[in-house]
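The primary structure of each chain is shown beneath.
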Amino acid sequence: MSNITDLSLSELVSNIKNKKLSSHDVTSEYVKRSKKSKNLNTYIEETFEAALKKAKEFDSKPDLNKKLPGIPMAIKDLFCTKNVKTTASSKILNNFIPTYESTVTQNLWNDGAILLGKLNCDEFAMGSSNETSYFGNVISPIDKDLVPGGSSGGSASALAAKLTPATIGTDTGGSIRQPASFTGTVGLKPTYGSCSRYGIVAFASSLDQAGPMTRNVNDAALLLEVMSSFDNKDSTSVDFKRPMYSKDLSKDIKGKKIGIPKEYRVDGMSEEIEKLWEDGKNYLKDCGAEIIDVSLPHTKFALPTYYIVAPAEASSNLARYDGVKYGFRTEGNNLIDMYEKTRSAGFGDEVKRRIMIGTYVLSSGYYDAYYLKAQKVRRLIKNDFNNIFQKVDAILTPSTPSSAFKIGDKSNDPVSMYLNDIFTVPVNLAGLPGISIPAGLDKKGYPLGLQIIGKSFDEQNILNIAYSMEDKINFKFNLKEWWMND
Amino acid sequence: MTKDYLIERNGKKYEVVIGLEVHAQVLSESKLFSTSPTKFGSEPNTQVSLVDAAFPGMLPVINEFCIKQAIKTGIGLNAKINNKSIFDRKNYFYADLPQGYQISQYKDPIVGEGNVVVDLASGSKIIGIERLHLEQDAGKSIHDIDPKNTLVDLNRSGVALMEIVSKPDLRSPEEVNFYIKKLRSIMRYLGTCDGNMQEGSLRADVNVSVRKQGDDKYGTRCEIKNVNSIKFMQMAIEYEANRQVDILEEGGKIDQETRLFDTKKNVTRSMRSKEDAHDYRYFPDPDLLPLEFSDEYVENIKKEIPELPDQKKSRFIEKFNLSPYEANILVSDLDISKYFEAVIENSDVKLSSNWITGELFALLNEKNLEITESPISAKNLSKLINLIKDGTISGKIAKTVFEMMAEGDKNPIEIVKEKGLKQQSDPKELEKLIEKVINDNQDTVKEYKSGKEKLFGFFVGQAMKVSGGKANPQLVNEILKKKLK
Amino acid sequence: MSIDLKTVKHISKLSRISLDEQKAKKLETDLNSIFKWIEQLNELKTENIEPLSSIAETKLRLRKDEIKSKNIREEILKNSPDDNKDFFVVPKVVE
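Protein chains in written order, with this note's numbering: chain A, 1 to 486; chain B, 487 to 971; chain C, 972 to 1066.
Pulled out of the complex, with its shape left as it was, chain A reads as follows (with noise of 0.2 Å):
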């Protein structure tokens, strides 16, 4: 057999399964790997022995039954762990530990999954490149001055450098599908509602969601079957019936309608993506899809939407964090004092600048022209995507406007940061299911993915259009392990 670690999620469960491997084989395995890799900083909190206990506890006892049997896991610091610090990455709560488990983890671990540890992510999952976290900056394993992305970027990270075998994040405007494009892996985005919000640390309310994030389509498929579930708890989750993804997941894609956008042709991008995207197209061909030339009239105003709406929620979301029932505390001569120095302590710089943001545009005087008038082109940018698919099934574009970028490139110009989720941003705003598959290489021999909308609930179907594709471009990636200490 090959290294336990090169194995997918699949072949793992399948292995426990068959009692080829047991839980404890795979778990030492990812805590060793894990223990040598500490130059990525992926992880900020490790849970290994407890893990490894769990392991064992697994193996004397195993329920195969479970869908993920023994099967360790290192997620990302957004989703709370009851007696596991959770910190969202953010000094603020720094010394957080939450008496309860978030509703997507708990289903992981219900099904048979042990937390091996938690992941580094922008601070309060606001970043594009995993560069606002308190704990510092996460390297990426394609090379050590390339950023993996964000914010899911520690879940990318460990990911794609085999330190868990698969992992979860989440997505407001991208975060799980641009990492998952950096690093040449597989992220999918629910639609808005199949996964709940309750016990994630909240970004932007109308616009968070957990996804997977994988080594390929079917692991994805899988992980999305445990975390999707109807919560009480959470008042936007959707009940509906959930498809057993992974076991409906089929390459018969003959005869769909995949559109593609024109005005996801923006200025300045490069040849690469450009051919990227046609052979993407050639793919489905190849599959039996058919391509429809479509148009998204509002997708440029997507971006600048995203800003109003975002911040103007998590300037909202953030205001429990000041000094008094959890997290830092920075004391001050008086109430007030005591907030403002907590606060401005305690959150990063990134932060400040995303809830000034949001406090400016829901501010008297400014409410309508900003905040009431992005809410009025979310309904455009929603309009667009019904209309579109009246036509077509799902809709293929890039993931990103380009690879993976160097740490520090664009820490100082927020704006042109921002513009790294053009192609993800609209799909949030709209509360579509997307998925992020890699596709190919640039000429830096970065990855770069492809993506995949789909219509509200209809996961099955873009699981099964990436299914197909996957197997047409065989993406291959030979990673060289730069990183690893013995």
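A hint or two may mislead.
Stated by the list, open to error - Subject to a maximum C-alpha distance of 20 Å in a straight line, what follows is the list of computed SDA-like cross-link-like pairs (lysine to any residue): (1) A:K38 with A:M484; (2) A:K61 with A:D111; (3) C:K1039 with B:E515; (4) A:K382 with A:K455; (5) C:K984 with A:Y366; (6) A:K300 with C:I1020; (7) A:K32 with A:E481; (8) B:K932 with B:K969; (9) B:K593 with A:D368; (10) C:K997 with A:R353; (11) A:K257 with A:I388; (12) A:K32 with A:M484; (13) C:K980 with A:Y366; (14) A:K233 with B:P776; (15) B:K626 with B:F579; (16) C:K1035 with A:N232; (17) A:K444 with A:S270; (18) B:K824 with B:I791; (19) B:K956 with B:L966; (20) B:K525 with C:I1038; (21) C:K1007 with A:N412; (22) C:K1063 with A:N334; (23) C:K1030 with A:D239.
Worth flagging that the hints you see were computed from the coordinates, not collected in a lab.
Given the coordinates of chain A, assemble chains B and C onto it according to the supplied hints.
Relative to chain A, chains B and C alone:
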């Protein structure tokens, strides 16, 4: 007609314009967006869930009963019920506001315009209701336990409140008094709020402005925050209106601001946190969806609405021939009306009304008791009234019996039997008794017969005295008239 | 619309985040470039468009009026920066 409430200065008359924002705690088992209990007076922070304390990742899920309570109250206020309403976040920082925002309703409240009929001494007046919306209560900041710090108890955090906003239709502290009482009465009839002001279940922000009598334009208003008794509201208005008139008379301008009523000094004063002129940055709560229900949903709730004070009053007047004044007293409080209706189930209405508003109220007043704590049950009062009505005892004896009943809700029939207080109504017995009175007072009989007819009363008195008060006064009169002819 | 230093300070006050002069100036620059970019939204006419605030394709679910949460005071206060056993503690507030 009572005199208008006007403030006079230098020969000019000022009218006071008042609008109230009443915060009424919804009667419900659990909180508006969490499953914590709402009970008053528990140990600090023992009724706080992760949602109430705003832990990361916690989300609100709305309590349907609170929605129904708000709709019921809206119906009780003759108001428009909105089939679609929106929950917004009102953003501000405060120690007892764990989320950093309050979930409230801003542009689209659950209940729209309505009205309340207020019964003043001068007649009734209609006070307009602007709106009613649902919102979360905050926790409690406690300043007097720890000398250095403020302590925060979140038990109240997240309890459902109805904010009932009146139009600026009130013109005097007296009107405010009757308005609040009427509002409370309606909500108690509906079972939507217990109206207990001591426990903070009912509090109000009071908007006060003044203008010269005859002006159409409203003056600049000041808002007096969170006043928790009717007495304080009246004092605050009185103080605030005079303060404003003084400023205007000195040629000054009123600053629109939020003020506090200082209950120790009986003055209103500007709140300190003035430097941060509030900007609440309302926006729709993205954790919740619009609240929508059908007309049918509202119709079904309408079926559960009990008879309300105004309807009951009309019924009492029409059916029982009570005066509006009496009817008002009997319906103003749900428990009083319940007591009254229990008594009249088997007893004469007029007598019941008299006894309840007379003797019983005097007794309760004296002992400082609510009607629900009355030492005399409705059942026993009803029996007493029947004893009067059928002539078993006289009204005067009844008062004695009533006093005995008050010492432990004794059955009046037993008391009358035990103490032999039954009225003497046997004509033969009474004749004998009266003959004795006449025989014993021959001199007075002569005087009477010689024309001093005023002495008739003397004989009645004697007869009553000899009978120990038990003689039926009517029969005594009749027999005496015959005998003394 | 440009955002001046005074506005930046006002927003920082509203968001309860203290800023030193240098940070405030940096933010002034950042916010101006961000809002300049955001203002491309003004190209769109949106008078008759209904704003979209909730994207979830469901109706607001209503919960029964039941008490489910118990007294978890210890749990609630455990993470608090002050070690008072009964209360959350903040600096003295004068109203």
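Given the proposed pairing of K997 of chain C with R353 of chain A, does the C-alpha separation stay at or below 20 Å?
10 Å, holds
Would you mind confirming whether the straight-line C-alpha gap from K984 of chain C to Y366 of chain A stays at or under 20 Å?
16 Å, holds
Pair hint outcome, K257 of chain A versus I388 of chain A [Cα-Cα no greater than 20 Å]
Given pair K257 of chain A, I388 of chain A holds - Cα atoms ~11 Å apart, limit 20 Å.
Take a quick look at whether K444 of chain A and S270 of chain A sit within 20 Å of each other, Cα to Cα.
Distance of about 13 Å is within 20 Å: holds.
Can you confirm whether the C-alpha distance between K233 of chain A and P776 of chain B stays at or below 20 Å?
Distance ~17 Å between K233 of chain A and P776 of chain B Cα, so the pair holds.
Verify the proposed pairing of K980 of chain C with Y366 of chain A, using a straight-line Cα cut of 20 Å.
16 Å, holds
Would you mind confirming whether the straight-line C-alpha gap from K932 of chain B to K969 of chain B stays at or under 20 Å?
13 Å, holds
Given the hinted pair K38 of chain A and M484 of chain A, is their alpha-carbon gap at most 20 Å?
Since the Cα atoms of K38 of chain A and M484 of chain A sit roughly 8 Å apart, the hinted pair holds (cutoff 20 Å).
Regarding the pair K525 of chain B and I1038 of chain C, is the alpha-carbon distance no greater than 20 Å?
11 Å, holds
Tell me if the straight-line CA distance from K593 of chain B to D368 of chain A falls inside 20 Å.
13 Å, holds
So if I understand the rule, the pair passes when the alpha-carbon distance is 20 Å or less; does K824 of chain B with I791 of chain B pass?
Roughly 16 Å between the alpha carbons, so the hint for K824 of chain B and I791 of chain B holds.
Assess, step by step, whether the Cα of K956 of chain B is no farther than 20 Å from the Cα of L966 of chain B, and give holds or violated.
16 Å, holds
Hint compliance for this structure: every hint is met.
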